[in-house]
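Visitor: From first to last, the protein sequence lines stand for chains X and D. Residue numbers for the first sequence, in our numbering: 1 to 115. Residue numbers for the second sequence, in our numbering: 116 to 227.
Treat the hints with caution; some may be incorrect.
What the hints assert, rightly or not - With a straight-line cut-off of 27 angstroms between C-alpha atoms, the simulated DSS-like cross-links for lysine-lysine are:
#1 X:K78 - X:K42
#2 X:K42 - X:K83
#3 X:K42 - D:K171
#4 X:K83 - X:K57
#5 D:K171 - D:K182
#6 X:K78 - D:K157
#7 D:K157 - X:K83
#8 X:K57 - X:K42
#9 X:K78 - X:K57
#10 D:K171 - X:K57
#11 D:K182 - X:K42
#12 X:K57 - D:K157
Said to hold, decoys possible - For each label pair, taking beta carbons as the anchor points, the in silico distance ranges come out as:
#13 D:K157 - X:V97: 41 to 51 angstroms
#14 D:N181 - X:T13: 21 to 31 angstroms
#15 D:G169 - X:I20: 23 to 33 angstroms
What the hints assert, rightly or not - So, partial list: chain D residues that the calculated Cβ filter (under 7 angstroms) puts toward chain X:
#16 S158
#17 P159
#18 L161
#19 F176
#20 R213
#21 A214
#22 S219
Read the hints as simulated data drawn from the structure, not as lab findings. We treat Cβ as the ideally placed atom computed from N, Cα and C, and that holds for glycine.
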Amino acid sequence: EPEVTQTPSHQVTQMGQEVILRCVPISNHLYFYWYRQILGQKVEFLVSFYNNEISEKSEIFDDQFSVERPDGSNFTLKIRSTKLEDSAMYFCASSEVRSNTGELFFGEGSRLTVL
Amino acid sequence: QKEVEQNSGPLSVPEGAIASLNCTYSDRGSQSFFWYRQYSGKSPELIMSIYSNGDKEDGRFTAQLNKASQYVSLLIRDSQPSDSATYLCAVVMDTGRRALTFGSGTRLQVQP
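Only chain D is shown next, with the shape it has when bound in the complex (with noise of 0.2 angstroms):
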C-alpha cells in the first residue's frame, strides 16, 4: 500500500478558478501534514503545515484535514498561471519512519 498517494494530474483549471488538490494516506496515526510547491527543475518549498481536523487558511491557500477518512486537501483559489508547479503532499507519520514521506505530486495547470 502506497504510504501517501496523489493523483499526478495534470490538473488543468481556467485563471481565476478554484484548484482542488487531494492526497490520501496509510499511516492512521499520522499527526502532522504539509502541502510543498515545485516548481519544474527547482526544489520543494513549504506552502501549509496543518495538525488538526478541519481547515487551515492562509491567503489563497485553505488546507483541509479529515484524520477520519485519512485525506488531506489543498484548496488554491483565484488560481494563477504562477501557480502552475506540482504540489507534494507529506505526512509525518506515527509508525515507522518519523522523517518526512512525500507523495508523488500532482502537476497543476493554471490556464492564462
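Bound conformation, chain X alone (with noise of 0.2 angstroms):
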C-alpha cells in the first residue's frame, strides 16, 4: 500500500540552528501540506503546496519557514532559525485532489526537539 514517508524520525537540535524535515509523498498525489501537532494539542496547518507553488499557509508559517520540491519525490520543510516553540511533531500529507474533496494521507511524522 503506498505511503507517505518522513525522516528524520526524531532530530534534536540546537535553538538557532537550521532543521531541514523531508518527506516522500505518495507518487501519484498533486497536493502536499506539513501540518504540526506541539504534544498534546491539536494538528496545526503549516503550508499547502500545488504545481510547485504555495498554494495557502497559515498563521504560523513566516519567514522562517520555507517548502521545496527538489526533484520529483522529495518535500521538505526548512525552518531557518529554531526556537524552543517549535518543538513538536511535523506531519506531511498529500491528497490526490484539494483536501475538500479527497482525503490526506499522513506520514508518521518528525518529531522536532529544539533545546
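Quick one: dock chain against chain with the hints and give me the complex.
Guide: Rendered as C-alpha cells:
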C-alpha cells in the first residue's frame, strides 16, 4: 500500500540552528501539506503546496519557514532559525485532489526537539 | 470563537457499547467534514468523510451531519478496545482557510 514517508523520525537541535524535514509523498498525489502538533495540542495547519508553489499558508508559517520540492519525489520543510516553541511533531500529508474533496494521507511524522 | 470544537474527554465506554463523539464548527458555510483517528504517538488516519446532511455508514462507523446546527458526530457501534484512540474532527471551511482545520480531539477509552 502506498504511503507517505518522512525523515528523520526524530531530530534534536540547538536553538537558532537550521532544520530540514523531508517527506516523500505518495507518487501520484498532487497536493502536499505540512501540519504540526505540539505535544498535547491539536494538529495545526502550516502550509499547502500545489504545482510547485505554495497554495495556502497559516499565520504560523512565517519567514522562518520555507518549503521546497527539489526533485520529483521529495517535499521539504525548512526552519531557518529554530526556536524553543518550534518543538513539535511535524506531519507531512499528501492528497490526490484538494483536501475539501479528497482524503489526506499522513506520514508518521518527524519529532523536532529544540534545546 | 474556536473554529472546530470537541470535548477533550476521556469518553469511557464498555466493550460492545456505542461510543458517540461530537463536534461543532463555527463556519456556517463549511461543506466538507472528516473524522480522523489518532493513536497515541501516531499520525492521523482518515475514518470517514461526510458532505451532506444526514447519516453515512461505513461498517461499525456512522457519521452524522446537521449543517443547520453546525454539528457533526461519529458513532462507533460494538466498540472494541482497539478503538481506544483520540478522534479528530476536521472541517474545510467556506471562508478563509481552505485546508483542513482540526479540532483538538476527543480521547476514547473502551474498557474490556
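Visitor: Now tell me, hint by hint, if it's right for this structure.
Guide: Each hint tested on the structure:
1. X:K78 - X:K42: Holds. X:K78 to X:K42 sits at ~21 angstroms (cutoff 27 angstroms).
2. X:K42 - X:K83: Within the cut-off at roughly 19 angstroms; holds.
3. X:K42 - D:K171: Status holds; Cα separation ~25 angstroms.
4. X:K83 - X:K57: holds (19 angstroms)
5. D:K171 - D:K182: holds (14 angstroms)
6. X:K78 - D:K157: Measuring from Cα to Cα gives roughly 22 angstroms; hence the hint holds.
7. D:K157 - X:K83: holds (24 angstroms)
8. X:K57 - X:K42: holds (17 angstroms)
9. X:K78 - X:K57: This hinted pair holds, its Cα atoms lying about 14 angstroms apart.
10. D:K171 - X:K57: violated (31 angstroms)
11. D:K182 - X:K42: holds (23 angstroms)
12. X:K57 - D:K157: holds (24 angstroms)
13. D:K157 - X:V97: 41 to 51 angstroms: violated (24 angstroms)
14. D:N181 - X:T13: 21 to 31 angstroms: 46 angstroms Cβ-Cβ, so the 21 to 31 angstroms window is violated.
15. D:G169 - X:I20: 23 to 33 angstroms: Violated - the Cβ-Cβ distance for D:G169 and X:I20, about 45 angstroms, lies outside 23 to 33 angstroms.
16. S158: holds (4 angstroms)
17. P159: Interface hint status for D:P159: holds (5 angstroms vs cutoff 7 angstroms).
18. L161: The hint holds - D:L161 has a Cβ within 7 angstroms of chain X, the shortest such distance being about 5 angstroms.
19. F176: violated (14 angstroms)
20. R213: holds (6 angstroms)
21. A214: This interface hint holds because 5 angstroms falls under the 7 angstroms limit.
22. S219: Constraint on D:S219 satisfied, holds at 4 angstroms.
The structure shown violates the earlier hints numbered 10, 13, 14, 15, 19.
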